[in-house]
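Trainee: Could you build all of it, start to finish, from the sequences and the hints given here?
Chains as they are written, first to last, in the working numbering: chain Z, 1 to 161; chain F, 1 to 787; chain P, 1 to 260.
There could be a bad hint or two in this list.
Stated by the list, open to error - Here are the simulated BS3-like pairs of lysine-lysine, each with C-alpha atoms no more than 25 Å apart in a straight line: (1) F:K174 / F:K88; (2) Z:K116 / P:K159; (3) F:K278 / F:K245; (4) P:K258 / F:K453; (5) P:K165 / P:K17; (6) F:K449 / P:K258; (7) F:K154 / F:K51; (8) P:K57 / P:K17; (9) F:K154 / F:K49.
Worth flagging that the hints you see were computed from the coordinates, not collected in a lab.
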Amino acid sequence: MTDVTMTINGRAVSGAVEGRTLLSTFLRETAGLTGTHIGCDTAQCGACTVHVNGASMKSCTVFAQEADGAEVTTIEGMANADGSLNTIQQAFQDHHGLQCGFCTPGMVMTAAALLKENPKPSETEVRDYLKGNLCRCTGYHNIVKAIMAASGQDVSAIAAE
Amino acid sequence: MPADGGIGASTKRREDIRFLSGTGRYTDDLNRPGQAYVFFLRSNVAHGKIKSINTDDAAAMPGVARIFTGADFEGVGGIPCGWQVTDKHGQPMQEPAHPVLAQGKVRHVGDPIAAVVADTAEQARDAAEAIEVDIEDLPAVIDMKKAVEEGAPKVHDDLTSNLCYDWGFVEENKDAVEQAFQDAAHVTTLELVNNRLIANPMEPRVAIGDYDPAGDMSTLYTTSQNPHVIRLLMGAFVLGIPEHKLRVVSPDVGGGFGTKIFHYAEEAFCTFAARALKRPVKWTSSRSEAFMSDAHGRDHVSTIQLALDADNNFTALRTDTYANMGAYLSTFAPSVPTWLHGVLMAGNYKTPLIYVNVKAVFTNTVPVDAYRGAGRPEATYQLERVIDKAARELGVDPIALRRQNFITEFPYATPVAVEYDTGDYHATMDKLEEIADLSGFEARLAESKSRGKLRGLGVNCYIEACGIAPSNLVGQLGARAGLYESATVRVNATGGLVVMTGSHSHGQGHETAFPQVIAEMIGIDASMVEIVHGDTANAPMGMGTYGSRSLAVGGSAMVRATEKIIAKAKKIAAHLLEASEGDIELKDGAFSVAGTDKSVAWGDVTLAAYVPHNYPLEVIEPGLEETAFYDPNNFTYPSGAYACEVEVDPDTGKATIERFAAADDFGNIVNPMIVDGQVHGGIAQGIGQALLEGCVYDEDGQLLTGSYMDYAMPRADDVPYYHVDHSCQTPCTHNPLGVKGCGEAGAIGSPPAVVNAVVDALQRNGSSITHIDMPLSPSRVWAAMTQ
Amino acid sequence: MYDFELTRPTSLADAIKALGEEDAQPLSGGQTLVPTLRQRLAMPSTLVSLTGIEELKGIKNEGGTLTIGGATCHADVARDGTYPALSELAGLIGDPHVRNRGTIGGSIANNDPSACYPAAALGSGATIVTNNREVAADDFFTGMFETALDEGEIVTGVKFPVPEKAAYVKFEQPASRFALVGVFVSKGADGVRVAVTGASEGGVFRWSEAEDALSSNFSPDALDGLSVPADGMIGDMHGSPAYRAHLVGVLTKRAVAKAG
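Mentor: The following block contains the structure:
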């Protein structure tokens, strides 16, 4: 076992891990942050997406030891300081961008990464950026719409409701 | 309307707050003190005889608590089937045993052979690798038609063949249908495959068994759409635990789409092992495991024929279907190709004579059961594809041919045993033509052409039957359960309400939509109503959430219970207001005496019910809590018309969805935003079936699509924005809310639209192709184009 | 996963030393290796993580040659833009999260028959730099998942001569989104190159007939009538050998048109 320490959502978290311990496991089991979900074992679904030193990654493909010393942000760290939903989270609620909620943490983390890189993405750019995140409930319509809205773009004319 | 939304308001979902902040509570987020982990050693061959299992070395490995095999389940019940179909000769279907862990034989890749319980999940897996299993390979049967040939290897040695049942519906119509075909001016025939799908809710299944020896109490935490059904099936049929000693809890459920209806071996195992070991036992499915252990969907091979007279009126329809059951009968598997498929074969059309034959077949594959739509997509796909083909053969407009044959008088009794209460198929088609901008198609076609792309338009209708019921009828049809729903409405002293419902959301937003109904009925804010679900310790009984039934059936039970609450509250109000009960009116959260300004607030009445100082104790009991069971007297019949426009790249065969429109009639709508979302999701799954998804086995029964690397899930860039509309509303006549069901419509209505559109694109380009089997992957479309 | 020791050297020298241990295996971005380990399809005793080695990261443009460190992630290459066709290719790999983690060295060393980077390396006439030597791309990719790398040898960088014209066209496998077929074409000082990934059972290959035709006339029309034989192409549920062979022709034309 090796001791690792990382800063998760601004809080230092330490724990002893095996070589094989994944970052996703560390987040869920050591840090107790179960908002990061595991939806597959081939790094395809994106439900486990978090930010490591500012870059979005699938935490099921990163070993905990590789994140030793890193700044990690998870869905639990996305709300505003007063605990209210941030702009992206709020847009997901406003536009019904989630149903069962399982893919949602990964979607929000991905949307945040996108808007940081590209503050006013086109629909095509949003859809392309979501390639690594599977949702089985929404048909993506309202996820794309929510992200467009979160970027400050007018979504009132998007298809029908 | 209440300030925060009553019936008809697009109220934002309250459950979203926890899902968006990472504080949702899914089954895998739960851990019990002292819990052990189980790993299932699964068969890697499709069919084989288990000659020996040696667990000695494995049992000695670090952390191993115990290893179970089929022998540990001798004398324990098997996984039951919840529906018995009677074949066309009046005989019951063949029903094989389904042991929790394989006994004697393995029958599909993924069939569990042994279960290792250990301190950690990795230790359990390590030990599983040390189990020595000697399996004698047997020839596998994968292809359904070969499986029913004389001399085919048998999946179950104790059955007479691999034929589960041969069902004819309506058997008495068979000769008349045959005569109508002989008399027809035109007959269109189409052979097609409804591709096998894997539901793939994003949350894999999880089960945690827990046992409290002090009270001899078992608890199962599981990812289920219907915890009460699991309690009944597992308690009564598998483990012999009475229901008062068994609690089933499903916290937040990350999607289901049917595959979390069924009672699975892993649930029974964890409950059983927790009792045996006096220790909680947890199983978390990996996605790879899910591909070979979650029940699959669809997998029908059909020949459909449509007879028309000289005026293009439909005169008869017949279809022969082979339906794959897989290796065992999953909970509702037998009902899917029969009562959820045959009875829908009339569709939106007044075809007077229909005959449906279904042969259900055992194969060495994962069991097949309901997946979003369950039987209805298979019926709709056949019907709407054969109508499209007929229109092309006859050179008539596919929409006009449909319109000509629409049912227009309601109620309408179909020749396949159901009675549609309401509908207006011309209205939804009119609406579709508008929202899909069909008049602009020619211009878009020309634009596509200018870029070297083929463009096609596909249109179809659908009808579905939701909220499966009534119980006495489904009992006659073979259901081994009732199909009512229950709700308990508990009013607290200070006026807030808690609804304990047997419906259980796995994404549908019950926590938001159900309170909207009560808020409307009482005239209070929806925020005063809390929904409790997913725990057999709370709701009295529940049949759960599937078949687009929650609002129509579960919501109706809640309405009935609330009506009882209001009736009693009126009695209390009458006492407080010193008026006659008949004069009491409830409006905007206050009871008043008609024609006076005397009133008493909702909260004062509820307080009086629990602090009955000034209260007619001699006439009514204190308290304010009511339970209702609602058993509908018919299905509900949503319907709609869908249109899809595709572009096909003639060089690669790749079809892309350019536009998709859906005009649905769901009757009354409680939360339009949620309804839109349900339709969007259904459409994406339908597009997935049509273009991308297909579960593939090789001839030896190896699953070739065992992960997302080969099973193509729709992604954000595979689909466009959808134009959806549900302003055409013909309310259901037999439930108190006038609602139909919206959960499955998108998945039912969309596959034929997509395939019709691709065929249209190719035919406009001069091709003589009349059909391509789903999924219409680039390689298949290209192969068809280059035939 | 089977357990293993994970070491995180900060210098190349330490990494090479660690890789000398028995059953040690390099871990780069892990986008392929970690899922493989999770399936228990590999059993290393030690994983030597290369992600902490700064000297293996970065992109340098020197005299028309772009040198990319082996541990440089796809996103960095996509953002660079010095060699537009290469940056575009990097931006088409996987998804944004994969691109933030996966590395060029890992991709080149793995030589997945459906990966994009091998097409860029072979199609550009790149040189693969290892801790021991430099190997021409033509000699590096020796077959499906096979390369010229020796045991304990790692890709420390890739040198791309930036050509006059180049383009990559990828046709995605619908499920994995790897290349069902991908074609990289370039026209540079040393002539025309056409490299094809995803299609062949032998892994990435050069389509020499197309190169010959394009050498005299770098336009899509020059490819009229040319085709690769279906024999030796991959056949699976996503496409027959004939389909893949057909796509090679279609995509090569498109790549040439795109390169201009």
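Trainee: Just to be careful, I want the Cα atoms of K116 of chain Z and K159 of chain P compared with a cutoff of 25 Å; is the pair within it?
Mentor: violated, 31 Å
Trainee: Is K57 of chain P close enough to K17 of chain P, meaning Cα to Cα at most 25 Å?
Mentor: holds, 19 Å
Trainee: Taking only the CA atoms, is the gap from K154 of chain F to K49 of chain F under or equal to 25 Å?
Mentor: Judged against 25 Å, a Cα distance of about 12 Å means the pair holds.
Trainee: Holds or violated: K278 of chain F with K245 of chain F, Cα cutoff 25 Å?
Mentor: This hinted pair holds, its Cα atoms lying about 15 Å apart.
Trainee: Check whether the Cα positions of K165 of chain P and K17 of chain P lie no farther apart than 25 Å.
Mentor: Distance of about 41 Å is beyond 25 Å: violated.
Trainee: Given the hinted pair K154 of chain F and K51 of chain F, is their Cα-Cα distance within 25 Å?
Mentor: holds, 18 Å
Trainee: Holds or violated: are the alpha carbons of K258 of chain P and K453 of chain F at most 25 Å from each other?
Mentor: Holds. K258 of chain P to K453 of chain F sits at ~18 Å (cutoff 25 Å).
Trainee: Given the hinted pair K174 of chain F and K88 of chain F, is their alpha-carbon gap at most 25 Å?
Mentor: Holds, at roughly 11 Å.
Trainee: Is the Cα-Cα distance between K449 of chain F and K258 of chain P 25 Å or less?
Mentor: Status holds; Cα separation ~20 Å.
Checked against the numbered hints given earlier, this structure breaks hints 2 and 5; the rest are met.
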